[in-house]
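Participant: According to the UniProt record's numbering, the residues represented by the sequence shown are 1 to 394, in order.
Warning: the hint list may mix true and false statements.
Unchecked claim - Pairs of lysine-lysine, DSSO-like flavour, derived with a Cα cap of 30 Å: (1) K297 with K321; (2) K394 with K102; (3) K167 with K104; (4) K167 with K212; (5) K102 with K297; (6) K394 with K212; (7) K167 with K102; (8) K297 with K326; (9) K297 with K212; (10) K104 with K394.
No wet-lab data here; the hints were simulated from the structure.
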Amino acid sequence: MTIRTTHVGSLPRTPELLRANAERERMGEEAFIALLQESVDEVVTRQYQTGLDVVNDGEYGHMMTQTVDYGAWWFYSFTRLGGLDLRTDPQFSVEPAPSSGKVKLASFGERRDWQAFSDAYSDPASGIHIATDQGPEAFPVITGPLTYIGADAVRHDVEGLTHALDKNGIDRGNGFIASVAPGSAARIGNEYYSTEEEVLEACAHALHEEYKAITDAGFIVQIDDPSLAEGWDQVNPAPTYEDYREFVQTRVDALNLALEGIPEEQVRLHLCWGSWHGPHTTDIPLREIVDNVLTAKARYFSFEAANARHEHEWTVWQDVKLADDKVLVPGVVGHSTNVVEHPELVAQRIQRFVDIVGSDRVIASTDCGLGGRIYPSIAWAKLAALVEGARLVK
């Protein structure tokens, strides 16, 4: 039995790339692009040598300047969407656009888990990295029509991964590039649109261009949408499950609008409950939203299944009526602990899903991106354990 392997996207940046990101203007664009390409070539080669089957550019085109970074998957979009004005307001105090539905997102600082453990979230010594990392210095507010202005950036993403795959003899169909979902991109300030629904629609039309550029190049586009599950914690007080499912469906509908004309077999949706190292006591159960998530026009569904808060939810898939063409991409290696999983445990986790849907409909993965969250040498050890565990599945 052969179980294919992948990961969620973000991989540790090298010190040279982190420094180049910080000094990009000084070093000049030509020199920066050359260093970026060299870095992408190296990270693809390392994934290939580790034994991963479906690889990416490490999200190296999503800028990070520090080794600990929980938001590059989202913050990168701030430079690819037109109609934004960067403000110095802290991101945790910015409230999203008003919603016509029953669910209204609070500011980031009003998250229920953050309120319940405010002492830990505010103490830099707690081990919760987000207690010391407050995100970018400037945060965007929508002040005009949203447009996509990232054509050059996504072209560099595509060209960079193409070069690296060709260098390693890897087919483009085994390459993916991550992109933010409309629902997650919309979690910014708004002074232009009248409703949240208008913001979602505008984000969908803009991001369609990024998705199309990626898939037209022959790659899988991974849509990162923590907002589907993570948003539950950002509603205070907690809504009913029924009302929240409506909230989720609105975001899936926006994603489907953005995916119009994009082949489903080239779409992978990543669902998670946020990547910060916190208690996560207010995470919504997967069972409550899985049916809504599965209405997304994607073939591959990536989700957390290895951490202490969500590993037990593998049983949810025993009761789900999964269409025959859908593929599960469960996390069997975690991003929230420095402990490297034993390959036999990885194999056991994979086996659970194989027993439910079959080996040809399971691709073993990580819970979330490892870059910016796990120390580099540990991250690569986890990926090696993932590959070894997949080989142990009988």
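Participant: Check the hint pairing K102 with K297 against an upper bound of 30 Å on the C-alpha distance.
Facilitator: Cα-Cα ~25 Å, so holds.
Participant: Holds or violated: are the alpha carbons of K297 and K321 at most 30 Å from each other?
Facilitator: holds, 16 Å
Participant: Please verify whether K167 and K104 have alpha carbons no more than 30 Å apart.
Facilitator: Cα-Cα ~48 Å, so violated.
Participant: Holds or violated: K297 with K212, Cα cutoff 30 Å?
Facilitator: holds, 14 Å
Participant: Decide if the proposed pair is consistent with the structure: K104 and K394, CA atoms, cutoff 30 Å inclusive.
Facilitator: Violated: K104 and K394 sit about 47 Å apart, past 30 Å.
Participant: Take a quick look at whether K167 and K212 sit within 30 Å of each other, Cα to Cα.
Facilitator: Roughly 24 Å separates the two Cα atoms, so the pair holds.
Participant: Measure nothing beyond the straight line between the CA atoms of K167 and K102; if it is 30 Å or shorter, mark the hint as holding.
Facilitator: violated, 51 Å
Participant: When you check the alpha-carbon spacing of K297 and K326, does it fall within 30 Å?
Facilitator: holds, 10 Å
Participant: Quick one, are K394 and K212 close enough, alpha carbons at most 30 Å?
Facilitator: violated, 38 Å
Participant: Would the pair K394 and K102 pass a check requiring their Cα atoms to be no farther apart than 30 Å?
Facilitator: violated, 48 Å
Hint compliance for this structure: hints 2, 3, 6, 7 and 10 are not met, and every other hint is.
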